[in-house]
Amino acid sequence: MYKTLIAVLVVLVALTGISFAGGQEETGEYELLWLTAGDQMDYDRSLIGAPADYEGGAFSYIADSYMAEHPNVKLNLMIRDVAKGTMTPDSLMAAGTPPDVWMDANSQFAKYLGPHYALPMEQYVDTSIYQDALVQAFTRDGHVYALPQMNIPVGLAINLKMAREIGYALPSQKEWTTDEYMRLGAKLKSAGKYLNIAMTGGAAWSWNLMWNSAFGGTMFENQDYSKTTINSKGSALGMEYIKSWVTLGYAPPHPNEQIDDRGIEGFAQDRLFSCTLQTGHVIHWMRQAVDAGLIDGPFEYTFMEAPHDPDYVEHSGYDCYQWITVAHKSDSEDRNKVVADWANYLTKEATYISAVLSGDIPTLKEIDRPLIGEFAKPSVQALLKVAREAPPLDSGRQLTQRREIFKAWEAPIQAFMNDKMTVEEALVIMERETNRLLAE
Amino acid sequence: MKPRAALLLLLPAMALWVLSFAWPIVSVVRLSLFKSDYVFETFVGLKNYLMAFKDPFYVRSYFNVLVYVAFVVPSTLGISYWVAMYLEGFSHRVQAVGRFVVYLPALTSGYIMGLLWKWFLYRDGLINYVLSFFGTPEIAWLYQPWAARAALSAIEILTSIGILVILFAASLRSIPLQLRDAAVTDGATERQYRRYIVRPLMMPTVLLATLLLIIGVMKIWSTIYILTPGGGPGGATSTPVYEVFLTAFEYGKPGLAAAKGIVLMTLIALAILLKQRIELWVKP
Numbered sequence: 189m190y191k192t193l194i195a196v197l198v199v200l201v202a203l204t205g206i207s208f209a210g211g212q213e214e215t216g217e218y219e220l221l222w223l224t225a226g227d228q229m230d231y232d233r234s235l236i237g238a239p240a241d242y243e244g245g246a247f248s249y250i251a252d253s254y255m256a257e258h259p260n261v262k263l264n265l266m267i268r269d270v271a272k273g274t275m276t277p278d279s280l281m282a283a284g285t286p287p288d289v290w291m292d293a294n295s296q297f298a299k300y301l302g303p304h305y306a307l308p309m310e311q312y313v314d315t316s317i318y319q320d321a322l323v324q325a326f327t328r329d330g331h332v333y334a335l336p337q338m339n340i341p342v343g344l345a346i347n348l349k350m351a352r353e354i355g356y357a358l359p360s361q362k363e364w365t366t367d368e369y370m371r372l373g374a375k376l377k378s379a380g381k382y383l384n385i386a387m388t389g390g391a392a393w394s395w396n397l398m399w400n401s402a403f404g405g406t407m408f409e410n411q412d413y414s415k416t417t418i419n420s421k422g423s424a425l426g427m428e429y430i431k432s433w434v435t436l437g438y439a440p441p442h443p444n445e446q447i448d449d450r451g452i453e454g455f456a457q458d459r460l461f462s463c464t465l466q467t468g469h470v471i472h473w474m475r476q477a478v479d480a481g482l483i484d485g486p487f488e489y490t491f492m493e494a495p496h497d498p499d500y501v502e503h504s505g506y507d508c509y510q511w512i513t514v515a516h517k518s519d520s521e522d523r524n525k526v527v528a529d530w531a532n533y534l535t536k537e538a539t540y541i542s543a544v545l546s547g548d549i550p551t552l553k554e555i556d557r558p559l560i561g562e563f564a565k566p567s568v569q570a571l572l573k574v575a576r577e578a579p580p581l582d583s584g585r586q587l588t589q590r591r592e593i594f595k596a597w598e599a600p601i602q603a604f605m606n607d608k609m610t611v612e613e614a615l616v617i618m619e620r621e622t623n624r625l626l627a628e
Numbered sequence: 009m010k011p012r013a014a015l016l017l018l019l020p021a022m023a024l025w026v027l028s029f030a031w032p033i034v035s036v037v038r039l040s041l042f043k044s045d046y047v048f049e050t051f052v053g054l055k056n057y058l059m060a061f062k063d064p065f066y067v068r069s070y071f072n073v074l075v076y077v078a079f080v081v082p083s084t085l086g087i088s089y090w091v092a093m094y095l096e097g098f099s100h101r102v103q104a105v106g107r108f109v110v111y112l113p114a115l116t117s118g119y120i121m122g123l124l125w126k127w128f129l130y131r132d133g134l135i136n137y138v139l140s141f142f143g144t145p146e147i148a149w150l151y152q153p154w155a156a157r158a159a160l161s162a163i164e165i166l167t168s169i170g171i172l173v174i175l176f177a178a179s180l181r182s183i184p185l186q187l188r189d190a191a192v193t194d195g196a197t198e199r200q201y202r203r204y205i206v207r208p209l210m211m212p213t214v215l216l217a218t219l220l221l222i223i224g225v226m227k228i229w230s231t232i233y234i235l236t237p238g239g240g241p242g243g244a245t246s247t248p249v250y251e252v253f254l255t256a257f258e259y260g261k262p263g264l265a266a267a268k269g270i271v272l273m274t275l276i277a278l279a280i281l282l283k284q285r286i287e288l289w290v291k292p
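Protein sequences appear in the order of chains A and B.
Residue numbering for the first sequence follows the working numbering, beginning at 189 and increasing consecutively.
Residue numbering for the second sequence follows the working numbering, beginning at 9 and increasing consecutively.
Worth flagging that the hints you see were computed from the coordinates, not collected in a lab.
Please note: incorrect hints may appear among the correct ones.
Pairs of lysine-lysine, DSS-like flavour, derived with a Cα cap of 27 Å [stated by the list, open to error]: (1) A:Lys608 x B:Lys62; (2) A:Lys375 x A:Lys349; (3) B:Lys55 x A:Lys299; (4) B:Lys55 x A:Lys415; (5) A:Lys415 x B:Lys43; (6) A:Lys415 x B:Lys62.
Which bits of chain B does chain A cover? Going by a derived footprint, with three or more residues having C-beta under 8 Å, they are [said to hold, decoys possible]: (7) 41 to 55; (8) 231 to 245.
Ideal placement from N, C-alpha and C gives every residue a C-beta, glycine not left out.
The following block holds chain B by itself, in its conformation from the complex (with noise of 0.2 Å):
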């Protein structure tokens, strides 16, 4: 093919990434240069930046994200991993079944299990009142700075679990069955089978599913929109993103959201970077 046929097939998907990827991400860039109100602009530099940093609840985002990096990376993977592997015993239909149902919870759009969740969660809500058989006090699940992460982070486990059992059973599949054969002929049990042979050979999407689920708790919006509209007690359940929402949309500064904004794909970039070397590292 001639290079300049080739150049003119290339236009139009150049064309959508110029539109839909770099022109937006340039765009940003310059709004967080300026002090705007979408009508007037000033220049400020690096100001916006240096604000972004000096916003206690912008800051408060990104720790609320390593405690729900601590409650909900471990739990999802392990429970995820076990119910992949678990369901790797039965029939095709069996594990269709399985996987339709732990799928589930994903299917369902965020504002509406915001809602639910708001129901179970109030203080006269269904999670106390089951609690209340058991002798427990009835805890303010939304308005404790503890129980609200909590309680966010057992929806983001709930929602995740599907995806990462449907990425983990389609990694398990992909491993060769003359490995097992192998191993077994070489009188492996089943127990070192899957920690020598198995194990290895899902880290890249053990990794892969890490990396997802860190810039998935980055991005936690609608939940917390419906159950802590304002980012919870003290800020304690927001997140960068949710952050971004309320400096653009609620206090009236883009130019500062779009600071914040460029921080959080850096880190996000940065993070994508971190997984790539430690696959690398860790290849079998």
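One chain only, chain A, in its complex shape (with noise of 0.2 Å):
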């Protein structure tokens, strides 16, 4: 008897499992999940075009765009909470019910970009329409596996209204040496400002590899992953020039201290000349300054390569990722064409949103809108400039370890701030702790 009503129970539970979950494509309904980091609540909604009184946020416009011309499909979204790291993708994998698209920074992906997972986009978009260089970064085995949604260069932002106030004309990119870089410290020193911010607090390293590349240094070199480079004379000068700026007063004290949105705060509060940073960055900390009352108004500020040493190289790297959006293949061939048209709207219309809200660099070779708000500004049209101009620096954005590589460098970097350590010697330990965890 008890047999009997616990298989009927059984039964009826899997009977409605499978009928809803079939009877969603068998009426041409499609009900899908999006993941993204963030989305935008604060912005002008004359720049996307979106209603006055519209109360969405700027991705949910897109999506709410796209739901009115599909009325068949529903789109949930769902905000990865960035302080918690990968938690919110990593629980909806591990509940085997991933998101249908997920738009994000590359470094998420490393290990979703691959058939196992990806739907190759290539069999279902025209993926011609971005630009090759980055198709080609996410393309494996000759299937488009991300389509890039934004190019986000790290350059160094440079305050011009200090610069004024000191009197300093900012000189040509091949007068801008590490030699004249500390000769203005120096001045600033004299009227009371800070030149940069040595960050060598948690992970922040990873922020001063354009330093190590001022000096011929590199992470990786020929794409080679199995092993670093970073145990080099470039590396361990540009180490010594970071932390000579602290030594001579340059830059603020206790650098292990200092993490990176110390960086980022301390440049749009108007107290650094200088900061690694990238266009979105500042955008939105200064607003955050003008709202405090710590700042009276924005600021004029430009993006500059980091200087370089011309004994070493005619030009330091430029340090770039890019977000990008990848759609999870299913086994049914209609929900999978759903999916990838969604995907690559979203992708198309984010790249446009992006440019001119937070100054990214559109991924489309061609925009049939006019490039307007935070995209047409000097500041951004510098960034790109130095994209164009500098080599690319590599730090290994798309490998799974990176976080764990940095981390291992943290204890060496520390020490070699304290004095308690050599530059060779923590550069010996951090090829060391490299190459360890890329062979794992």
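These two chains come separately, so use the hints to put the complex back together.
See below:
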């Protein structure tokens, strides 16, 4: 009796599940989950063509527009809390309910860009509308597993107001050398200002790699991720150079307590002449500084390459990463088509929105709307120039071990900054730990 | 009662035990044998366990536990025992108020405690401000390994005292009054009564409290997450549980995290066994 009852219940539950899962596709209606890392709420609606009274975020507006055009598709947005790392997507994956579409920084996706997870987009949409080099970066075995949504270069932000105050005219790139930068540091110090900030707290070192490149130092070469090239004379000079800012009083003391957020704050609050940043950072943090009454209003700034040592290189490198959209492959071909279509629509619209609202660099070859707002600002155009002229540096953005590598670097770098280790000793440990993690 | 009916009545509890305890453990043991990204899995046998022991941060987290135990266990036990004994001398009402006051920090969420202590421990925070009146140079509490460990220990001591005071007070009250009367009749002084009667009777509770504290320090999480998110300078504040969290959710290695979790669980089980052995050994 009991066995029969339990068997009937199990069959009923199973049938309900199967009919529910299949029901959506039989009626041509789809409910998709899409995940992203943020939905900008405070923005100029007119820049993206949204009604002035639209209450949702900028990315939600794209979803609402898509649903208006495709009434058979319902899109549910889930936001990844960046403070919680990969907890949100990991939980979704572990539960067996991966997001149908996921738009995020490329470092999130190293383990998902493959046939076991991602939809090969070239089979569903025209990927040639995106910049070839970016599409190529996410192509594996001839399949395009991600669409590039935005390209984000990291340059050296320069406070033009402070430059004017001390009577400093920015030199040409050729004359923008590491020696010139130190002369500027002395001038700023005498005016009671800081040149830059040495950030060696936490895993902030990734922001400093451009200073290694100023002396020819690299982390990886020729896309060989089997071993690091960090233990070099160029890296040693770069690390000594950053340390000298603190020793000479050109940067705030206690570098091991400084993380990237302190750099962004310091620059946006008019306390640092220069800092390694990206466009969106300055816009967001400067607005906060104004709202908090820390500065009277936004000040003028631009972006340059980091200074270089002409004995080693002609240009220092610039770091760069992308936001990409990855669609999840399902067994249903009809569903795959819908998912790919939404992923493509989202990517195209989001690249425009990111450009005009945050000054990020679009990934489409052509955009049929005027690029206004933040993108039109001279500072963003200056960063674009950096991205065109300076060589990109390879900081292993796509490596799954990247976070662990920078964590392993923390102790030797901090010991070096505290004069408890020489730069050579620190680099030996950094090399050893990196290669150990790469070998796993 | 018929065995079949008894089994039927036990079924809900057993189902709950399987769902909430046995099945997760089996899943984690299984996961620990795979290199996994939640979507794609490769069987790697015991490799994750070998990698766990090769991970310097994970190994250091156990050293940190030893440091925390050395800082936290004697001081927490001593303070809690003393407070519980001291409160015994007051009326029931005063005792209740006293216990509530010392228990307050334990009621506060770890996250809130972390935020509060962050404000205390910053270079320009309250503690350095107070110390400056005594001419002490400012200390980077959260950025020097031993200062950070000391700070984390102080927070753990404060939050643990409350629960131990309650535990000790309950244990003290369970000692039959007749024993005191008998001791006094036999001419024992207060000190002798406490030493030869109270202390042996309290020993199982002290052992339990010690075990709870050791397990507690292995599991410190929220204060580390708030105060030293990367696990402190060179991993100086991290605990095994925090390393499991970082491995699973920061580095995206659930298989390795599972192996680290299993090692931790085994060590906690061994600590419980050890406590039971000692309990038998010291039984009055």
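Is the straight-line distance between the alpha-carbon of A:Lys608 and that of B:Lys62 27 Å or less? holds, 25 Å
Between the segment 41 to 55 of chain B and chain A, see if three or more residues pass the 8 Å beta-carbon test, and mark the coverage as holds or violated. holds (count 4)
Taking 8 Å as the Cβ threshold, is the statement that the segment 231 to 245 of chain B is covered by chain A upheld or broken by the three-residue rule? Answer holds; 6 residues pass the 8 Å Cβ test.
Restraint check for B:Lys55 with A:Lys299, where alpha carbons must lie at most 27 Å apart: holds, 19 Å
Taking only the CA atoms, is the gap from A:Lys415 to B:Lys43 under or equal to 27 Å? holds, 21 Å
Hinted pair A:Lys415 and B:Lys62, Cα distance within 27 Å: Distance of about 19 Å is within 27 Å: holds.
Quickly compare the C-alpha distance for B:Lys55 and A:Lys415 to 27 Å and report which way the hint goes. Between B:Lys55 and A:Lys415 the Cα gap is close to 21 Å, so the pair holds against 27 Å.
Agreement of A:Lys375 and A:Lys349 with the hint, judged by alpha carbon distance not exceeding 27 Å: holds, 15 Å
Taken one by one, the earlier hints all hold for this structure without exception.
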